[in-house]
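Visitor: Each chain, letter by letter, is given below.
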Amino acid sequence: MRNSGFIARLGTILLFIALETVSLLLISRSGVVQRYRIAGALRSTQYSLWKTGTGIGHYFGYRRENDLLADENCRLREELDAYKAAERDIAENKTVGDYTYIAATVLKNTVNRQDNFLILNRGERDGIRTGMGVITSGGVVGIVSAVDQTRCRVVSFLSSGQSVSAKVSGSGAFGTLSWLGRSPDKALLTEIPAHIPVAAGDTVSTSGYSMIFPSGIPLGEVTSVSSDGISTQAKVRLFQQFSALQHVYIVRINAEEEIRRLENGS
Amino acid sequence: MDHNLRYIAGCVLLFLLQIMVANHIDLGPYIFIGLLPLILMHIPATTSDALRMVIAFALGLLLDIMTDGVPGLHAGAATVLGALCGTIYRNRINTDWRNDSGVPTVRSIGPGYALYAFISTLIYVSAYILLECATIRPFWFILLRILLSTAVSTLLTVIIGRSLFRGR
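Which chain is which? The protein sequence lines are A and B, in order. Residue numbers for the first sequence follow numbering that gives the first Met the number 0, beginning at 0 and rising by one. Residue numbers for the second sequence follow numbering that gives the first Met the number 0, beginning at 0 and rising by one.
Read the hints as simulated data drawn from the structure, not as lab findings. Keep in mind the model is a prediction, meaning the values are calculated, not measured. Yeah, the Cβ is synthetic: ideal placement off N, Cα and C, and Gly gets one too. Errors might be hidden in some of the hints.
To give a feel for the contact side, a few chain B residues facing chain A, derived at Cβ under 10 angstroms [said to hold, decoys possible]:
1. PRO43
2. SER47
3. ASP48
4. PHE56
5. ASP63
6. HIS73
7. ILE135
The task is simple: from the sequences and hints, build the whole structure.
Guide: Following this line, the structure appears as C-alpha cells:
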C-alpha cells in the first residue's frame, strides 16, 4: 500500500518533469534569446556532470597512475644520471658507476624514536640487497639493513649512528651529516675544515663518495654555523619530510662489485 | 443548468476571454493578465494531480497556439500551477473538501476564496514571467512585473470567479 503511494507520487513528479521539458523545448525552439539561455544552462549542467563523472573515474585510477608515475620517475632519474655521467666523462675523463632506481612504497615508518626504521614493499626478488641507499626527491631516507623475499627493512637517517657524506654548495666543502636526535628536520654537518667558508643559506647535498647514495641529492639548508678554529660545524634544516613518506626509491649501484674490488685493492 | 455544464461553459468563456485579453489588450510591459488559473482552480478536488497537470498543460498549450506569444510559455506555467493547486486546495484552503461535492466553488471555499485566488495567480504569473524573461531582464523589472501582474490578475480572478463559479 505504502509502495503504491510512493510509486504514484514518483509518477506524478516524472510527469511534471516531462511536461515542463516539453514546454522548455517549445520555448527554446520559438524564442531566440530563450534558446540561447536554455542551451547555455543545459551545457553548464552537462559539463558539471561530465566533470564529476571524470573525477570519480580518475579517483579509481589514481593508484595505477601513481605506480606509472613512480616507474617513469625511476627511468628519468636513470637517464639523468647517465647524462650527468656522460658530462663528467667529457670534462674529467673518468668513469663513474651507473645507478638503478627501484620504486618502493612505504609500508611502515617511524619518526619518533631514537632509532627509526621503515619497512618497504620490495625484497630480494626485486634485486634488493642490504647496504643499498634509499632516497626521495626530498633527500636521503636511509640504508637497507635487512631483506626478505618481498620486503626490506631500512634504517632511517633519523637514527643514532647514521650519517651521510655531504658537501656544501658554493664552497664545495665536504663533511659528515648526521641527525641531531631531536626534531626530525634538523641535522648537524661536521668535520668541515675551518678555512673553508660556510654560510647560512648554503645548500647541502650528497657528495657521492659513500658508494651508497649518488651525488647531488639535496639534503638540506644551512641555518647556522659555528667554528672552534680547527673545524666548522653547521646546523642544517633537512628538506626531507620523514613523517610524510609514501613513495621512495632504492638505489642500486650497477658496478658495485667492481668498485668494491677496487676499494679492497684486488 | 447542470453544474458540470455551467463549469464547462464558464471555462470556455474564460478561455475566450484570455485569448482576447492576450491578443488585443496591452497594459504595458509591467502588467500581464492571466486568467487561466481561474479554470484550474475549479477542477474538482477529487481529480488526481497527474490528470490536473495534463489538463493544465493542454489548456496552456492551446492558449499558446491561439495567441501570438511564445509556444510553451502558458503550457509551462500552467503545468506548475496544475502540480500545486490541488494540494493547496485540499491541504490549506478547504480541508473539509471530502464532505462537500468536492468541486471548488466560491460558496464551498468561503472567505478563503480570495487567498486561494491570490496563491494560484501568484504561482501562475511567477512561473510565466520567469519562463519568459529570467536572466534576460533585470531583477527589479521581473519583481515589479510579478507583483503588478499578480495584483491585477487576482482582482479580476476574484471578480469573475464570484460571477461564474458561485456554487449552490
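Visitor: Where does the structure disagree with the numbered hints, that is, which hint numbers, in rising order?
Guide: 1
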